[in-house]
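Number of protein chains: 2
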Amino acid sequence: MNWTLAQRAEKMNPSVIREILKVTELPGIISFAGGLPSPQTFPIDAMREASERVLSQDGKAALQYAASEGYAPLREWVAQDLLKQGMNVSPDQVLITTGSQQGLDLVAKILIDAGSRILVETPTYLGALQAFTPMEPTVVSVDSDEHGVDAADLRAKVGTGADKARFVYLLPNFQNPTGRTMTEERRAAVAQLAIENGLPIIEDNPYGDLWFDAPPAPSLSSRHPEGSVYLGSFSKILAPGLRLGYLVAPKALYPKLLQAKQAADLHTPSFNQRVVAEVIKDGFIDRHVPTIRALYKQQCEAMLAALDREMAGLGLTWNRPAGGMFLWVQLPAGLKAIPLLDKAVKKGVAFVPGSAFYATHEEGGANESTLRLSFVTATVDQINTGMAALAAAIRESL
Amino acid sequence: MNWTLAQRAEKMNPSVIREILKVTELPGIISFAGGLPSPQTFPIDAMREASERVLSQDGKAALQYAASEGYAPLREWVAQDLLKQGMNVSPDQVLITTGSQQGLDLVAKILIDAGSRILVETPTYLGALQAFTPMEPTVVSVDSDEHGVDAADLRAKVGTGADKARFVYLLPNFQNPTGRTMTEERRAAVAQLAIENGLPIIEDNPYGDLWFDAPPAPSLSSRHPEGSVYLGSFSKILAPGLRLGYLVAPKALYPKLLQAKQAADLHTPSFNQRVVAEVIKDGFIDRHVPTIRALYKQQCEAMLAALDREMAGLGLTWNRPAGGMFLWVQLPAGLKAIPLLDKAVKKGVAFVPGSAFYATHEEGGANESTLRLSFVTATVDQINTGMAALAAAIRESL
Chain A
1000 MNWTLAQRAE KMNPSVIREI LKVTELPGII SFAGGLPSPQ TFPIDAMREA SERVLSQDGK
1060 AALQYAASEG YAPLREWVAQ DLLKQGMNVS PDQVLITTGS QQGLDLVAKI LIDAGSRILV
1120 ETPTYLGALQ AFTPMEPTVV SVDSDEHGVD AADLRAKVGT GADKARFVYL LPNFQNPTGR
1180 TMTEERRAAV AQLAIENGLP IIEDNPYGDL WFDAPPAPSL SSRHPEGSVY LGSFSKILAP
1240 GLRLGYLVAP KALYPKLLQA KQAADLHTPS FNQRVVAEVI KDGFIDRHVP TIRALYKQQC
1300 EAMLAALDRE MAGLGLTWNR PAGGMFLWVQ LPAGLKAIPL LDKAVKKGVA FVPGSAFYAT
1360 HEEGGANEST LRLSFVTATV DQINTGMAAL AAAIRESL
Chain B
1000 MNWTLAQRAE KMNPSVIREI LKVTELPGII SFAGGLPSPQ TFPIDAMREA SERVLSQDGK
1060 AALQYAASEG YAPLREWVAQ DLLKQGMNVS PDQVLITTGS QQGLDLVAKI LIDAGSRILV
1120 ETPTYLGALQ AFTPMEPTVV SVDSDEHGVD AADLRAKVGT GADKARFVYL LPNFQNPTGR
1180 TMTEERRAAV AQLAIENGLP IIEDNPYGDL WFDAPPAPSL SSRHPEGSVY LGSFSKILAP
1240 GLRLGYLVAP KALYPKLLQA KQAADLHTPS FNQRVVAEVI KDGFIDRHVP TIRALYKQQC
1300 EAMLAALDRE MAGLGLTWNR PAGGMFLWVQ LPAGLKAIPL LDKAVKKGVA FVPGSAFYAT
1360 HEEGGANEST LRLSFVTATV DQINTGMAAL AAAIRESL
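Sequences listed follow chains A and B, in order. If you're matching positions, the first sequence starts at 1000 in the numbering used here and goes up one per residue. If you're matching positions, the second sequence starts at 1000 in the numbering used here and goes up one per residue.
Same shape as in the complex, but just chain A (with noise of 0.2 Å):
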């Protein structure tokens, strides 16, 4: 029998990542490479009770059939919520996703044609780029710094007439993979570039709450609120497993979404959606995530501690995240990430090398001597015995 597979499904390929996480997360091995959020994060008990509850006081509805808009107390939720980003959208724009993950999808089914040209920083959400190419996108890297893409860059790459973006996708609040966050100017100036060329904005922004001292400056989309489509999800502030995030899109592109969203799976679980509307209807949120930032920052510091302590003297570079689960380190020149990882696993540490993120691949590039390390699943002395191990496989690597 013989499969004849559309030509997009040539073009997927097994996640580079994935394939790491497989070794990796072999017994015994101290990972930093997964971006799993920590269990002991997880309001196991406000969800039982919140389970319980919808179970028992409207079990029916949970588990029936719903619109695919979703759950209107959750919708409205969500618009609330969003004010403190300085975004004024209405429930009627929030469209609720199975996870964040399918708000790419979706986007990608609306916006992207064969051989549209899309941008994306460098590096960028591996899962965005999955996300994208079964569309066939072009996708056309902009040069990014510590604070984020590069505007005067951005610029230079909108294009014009057939060849002009679809859009520019930016992760502004703790990036994936990287940790950085774009500074107030660089959005300001990002936001005007995008309004006078008419480029829209995909902004996803699943670890904006995870912030440490300070929240972040105010989303993108707060800026160009008609030509952004806005990503959120509640992997990070309650867990990943219920599979529960959003988007919000203007009032033009809104149906199309909704109609891509009906397509892909009708609805997102009724029973999720009502269970979570149930945790959090009472300032859950703002009771539970300050704990969450602080056990992330108290192991960021730990993580950096390590590095400071491992790592001297050996020509390593990293940043210092001001939020979310990652940094991003840039080991020496002449030093690759890949056979480094071949090692450092031998002497139980994991991580995944930064070549993976990068939509564009340059053999011998310096994108191969750079490393994504998670700080937020292992223990503090995970941490400092994994750096150890770490610095170890790097010294007899130089």
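FYI, nobody ran anything at the bench for these hints, they're computed from the structure. Check each hint, because a few of them may be wrong.
When chains are identical, the list treats them as one kind, so a pair holds in a single copy or across two.
To be verified - Listed next, the in silico SDA-like pairs over lysine to any residue satisfying Cα-Cα at most 25 Å (straight line):
| no. | residue 1 | residue 2 |
| --- | --- | --- |
| 1 | Lys1010 | Asp1112 |
| 2 | Lys1059 | Asp1281 |
| 3 | Lys1059 | Trp1210 |
| 4 | Lys1156 | Trp1002 |
| 5 | Lys1010 | Asp1162 |
| 6 | Lys1280 | Ser1055 |
| 7 | Lys1010 | Gly1312 |
| 8 | Lys1250 | Trp1002 |
| 9 | Lys1156 | Ala1365 |
| 10 | Lys1059 | Pro1289 |
Only a predicted model underlies this, so the values are computations on that prediction, with no experimental measurement involved.
Since chain A is already given, all that's left is putting chain B on it; use the hints.
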């Protein structure tokens, strides 16, 4: 702000049914329109107990990210359960999906290029057309009768070379919208020609467990295992609000479907998968599903009796389903279903005009005089009242 939409977005349209349901689900309307399972069949107590056990015993894993393939015990249960349909598959061939609607989306992504020829029954499931449309196929309707798709017409429409059909989409058991079931003889003929012509089959089976007196004949996939993707669902045997379905694919095709799944929503909610695995682990389905069958059989008989009684002499014909949720009515020549719906709603009863389910719309064709009736959502009393109202609307229209 002008958004440039993808070509496929231009082809996407609001669901006709969705628009109809907005009218027909007004308070006070007896609806035979929706495809909603009866909520009295939802196992609320079993769900409460299972949710409590999953969260108390295994909460961290249930709320964490998980494998895109799905939860292993659930995949094993599915493989085991399919033996009763004559399918001998490995759990490695099972992919858990966010409802079986997602299975249609994944199949479309990996098998349909713009312009690809795909074959469907006449009439067919509207949600499948919505899932396929964004990938821009050429949809060809195959003649069908009360036993399902016509084998000779299917053979004639397979096509050759670049125009060869990528697949035929079939719903052999208690089909949506007609309620019809493929006979053993028809299944054998269709499987035979599919094998001879190397024609892939996408077999959708959400209703197969809902038989009244005897289970349907073995699946098409059991006859053509290397050339079939089988879609199943927990929506009709447990509850649709969980959005839990699955697909079974030959090993040659599975990796691409898995990559498409990962890009679409990373994985189906771990919480829902574990709760359902907990509900069903000790033979629950074998005790529970007979109660759904008995209820739906009783409701179907009530609707058939009401049709016999109320429609006598009006020139309508209808089928007698052997299971499922729907039956199919042919109005007398010249009486069209869409204007009839307006009259019916004024009298307090609703249905779905059959023309919504045809891939190829034929102005003035016989399909404009068909309608789908669901017998599972309304009670027996409502069925009696609603059918008298529908008869009155028909009498007024003749």
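(message) Flag every earlier hint the structure violates by its number, smallest first.
(response) 7
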